[in-house]
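Engineer: Sequence:
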Amino acid sequence: MSHQSDLIATDIDAYLKQHEHKQLLRFITCGSVDDGKSTLIGRLLFDSKMLYEDELSKIESDSVTQGSAGGKFDPALATDGLKEEREQGITIDVAYRYFSTAKRKFIIADTPGHEQYTRNMATGASTADLAVILIDARHGVLTQTRRHSFIVSLLGIRHVVVAVNKMDLVDFSEERFEEICRDYRAFAARLDLPDLHFIPISALNGDNVVDESPSTPWYTGSTLMNFLESVYIGSDRNLRDFRMPVQYVNRPNLDFRGFCGTIASGIIRTGEPVTILPSQQTSKIKSIETFAGPIDEAYAPLAVTLTLEDEIDASRGDMIVRSGNIPRSSDSINAMVVWMNQDPMLPGKTYLFKHTTQTLPGSIETLNYKIDVNTLHRSPTPQLALNEIGRVSVSLNHPIHFDAYRRNHNTGSFIIIDRLTNATVGAGMILDGTTDPKHTAIWDDETSEATGSDDGSVPNVGSEEREARFGQKPATILLTGLTGSGKSTVASACERKLFDSGRAVAVIDGERVRAGLSRDLGFSAKDRSENLRRSAFLAQTLNDAGILCIAAFVAPNESVRQKAASVVGNDRFLVVHVATPLETCRERDTKGQYAQADAGKLQDFPGVTAPYEVPDAADLVINPAEDSLDDCVSAILELLREKEFIR
Numbered sequence: 000m001s002h003q004s005d006l007i008a009t010d011i012d013a014y015l016k017q018h019e020h021k022q023l024l025r026f027i028t029c030g031s032v033d034d035g036k037s038t039l040i041g042r043l044l045f046d047s048k049m050l051y052e053d054e055l056s057k058i059e060s061d062s063v064t065q066g067s068a069g070g071k072f073d074p075a076l077a078t079d080g081l082k083e084e085r086e087q088g089i090t091i092d093v094a095y096r097y098f099s100t101a102k103r104k105f106i107i108a109d110t111p112g113h114e115q116y117t118r119n120m121a122t123g124a125s126t127a128d129l130a131v132i133l134i135d136a137r138h139g140v141l142t143q144t145r146r147h148s149f150i151v152s153l154l155g156i157r158h159v160v161v162a163v164n165k166m167d168l169v170d171f172s173e174e175r176f177e178e179i180c181r182d183y184r185a186f187a188a189r190l191d192l193p194d195l196h197f198i199p200i201s202a203l204n205g206d207n208v209v210d211e212s213p214s215t216p217w218y219t220g221s222t223l224m225n226f227l228e229s230v231y232i233g234s235d236r237n238l239r240d241f242r243m244p245v246q247y248v249n250r251p252n253l254d255f256r257g258f259c260g261t262i263a264s265g266i267i268r269t270g271e272p273v274t275i276l277p278s279q280q281t282s283k284i285k286s287i288e289t290f291a292g293p294i295d296e297a298y299a300p301l302a303v304t305l306t307l308e309d310e311i312d313a314s315r316g317d318m319i320v321r322s323g324n325i326p327r328s329s330d331s332i333n334a335m336v337v338w339m340n341q342d343p344m345l346p347g348k349t350y351l352f353k354h355t356t357q358t359l360p361g362s363i364e365t366l367n368y369k370i371d372v373n374t375l376h377r378s379p380t381p382q383l384a385l386n387e388i389g390r391v392s393v394s395l396n397h398p399i400h401f402d403a404y405r406r407n408h409n410t411g412s413f414i415i416i417d418r419l420t421n422a423t424v425g426a427g428m429i430l431d432g433t434t435d436p437k438h439t440a441i442w443d444d445e446t447s448e449a450t451g452s453d454d455g456s457v458p459n460v461g462s463e464e465r466e467a468r469f470g471q472k473p474a475t476i477l478l479t480g481l482t483g484s485g486k487s488t489v490a491s492a493c494e495r496k497l498f499d500s501g502r503a504v505a506v507i508d509g510e511r512v513r514a515g516l517s518r519d520l521g522f523s524a525k526d527r528s529e530n531l532r533r534s535a536f537l538a539q540t541l542n543d544a545g546i547l548c549i550a551a552f553v554a555p556n557e558s559v560r561q562k563a564a565s566v567v568g569n570d571r572f573l574v575v576h577v578a579t580p581l582e583t584c585r586e587r588d589t590k591g592q593y594a595q596a597d598a599g600k601l602q603d604f605p606g607v608t609a610p611y612e613v614p615d616a617a618d619l620v621i622n623p624a625e626d627s628l629d630d631c632v633s634a635i636l637e638l639l640r641e642k643e644f645i646r
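So for the sequence shown, numbering that gives the first Met the number 0 puts the first residue at 0; every next one is plus one.
One thing to keep in mind: the hints can contain errors.
[As the list claims (entries may be wrong)] With a cut-off of at most 30 Å between alpha-carbon atoms, the simulated DSBU-like pairs for lysine-lysine come out as follows:
no., residue 1, residue 2
1, Lys590, Lys600
2, Lys642, Lys496
3, Lys104, Lys16
4, Lys353, Lys283
5, Lys472, Lys496
For the record, the hints were derived by calculation from the structure and aren't laboratory data.
Using the sequences plus the hints, can you model the full thing?
Structural biologist: Spelled out as structure tokens, the structure:
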């Protein structure tokens, strides 16, 4: 139901036009079981007067027999529509609700909290701009809270509201609210959640949902509804990279030939040069046709028909892009996959992969690992079962044109279809970097475990003795980031802090290793892999001696980082992503390497002429451009304490 407006009675055309041009916000609610997701949505609709009278009457009557509020009005029944949901008081399937206010239109996806419905939650989150993660004030941050937060981060949702619910059951305690906020921030430091907010609420009673609550005078932020109406999402859309997959060729007569499709990202104008993929033919935009007539400029996600100045052959599955800004093309990709079928995913089995407007056969060539979404632990596995998430290498029958998912959701995602049943069995998010099945690195020929002494005898000094002597457990902390991100500076400051506190610590810096141990290596992807391989064995030796090791390397490839972890030992290998923005790295570049890479003089330079793969699940993310050096060091030391490497 729409909001109340005087225009409805006076000028319905003006009202409809006003409503048509409102910005749309899609958001999901998620959290642990019984945290109050459905109750929150129901209260949001009720307090905003967005429920029809007959619907409200039915909810009031059902509250007596099926509600969980002791016979009182139960807002959760507004979304829990399935019989099983009302009987058990849980959410099973994704429930969508549509409403609007004077400022915005909204689509809410009420997603389930149970682990067995992870695929449902991922489906609801795939199109969301914002996530509302509920936490029961009595229980705090739980395992399922972490799981949903990881999925929200994985699917690239930038805006997150942590709604601390049921504050009325903890007497609206400010101390309890702040405690939960601290716990969640400590966990979220390992995830990619750039815009994070906290709001204390009581969904059942409506505190801070639509109206401010007199019970929280210590809270000075906005209500949930006010935040949803005002959060800025305009910069989330990729308007830089023009991509339009061709869906249909419109040829009504001999004088017209147009390429129809929905713009996936970017902006295009008449007269601009474009390239058709995969043929690489170039032309210029002659006209942009729409249902309402020709326009001079179009942007995502408009559905348009483009005509070109030249006669060029293109068909469904091809892609029109702006010349000079071309996506990557490959028949081998790395991706994170959410498996959605009862039958497990089997590497080597042929599936259909639907990417933009094309569907082509392919297979999962390698299942690198699966992620325990409750602990973020990575472990090897022969297959992915229902609701499991893993990193895979995909081999397709012919190349596709794609961007990394974090850069472009539309061209960086795909679905997997079973060829026999035609059922959607998985959803994938493409990562930076490609796989090359013909390339075999030295990693694959070397053992990843320590070999002990020549005669197999136990070393004279045991690890327990070293831990007792140094008062620490050995670990390797890999600081990975772009050139100029500040890795070496952070590593040196961290070493000084640990050394001053009496720790046995050493730094392995990428540039110093190249000056000696890896002096014979260049900067190709293969040489970078070999450089990190040698350094990983050096770190392993230092750890075996009981020493904490801080390694500062660009290490742009995720699979190579994983191999380094296997050499050192996954249980004592931590990844810290130094997420300094590319622009800041350029400003800090005293050697002029970025300028040389821009000019084409430096090949395989991560961030410019070669990709840099952001760690899938870094143990910590720091940003020296925003945080002080002391804050970055403190965060690393806190990570070591949390993992119990130091006391």
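Engineer: Which numbered hints are broken by the structure, listed smallest first?
Structural biologist: none
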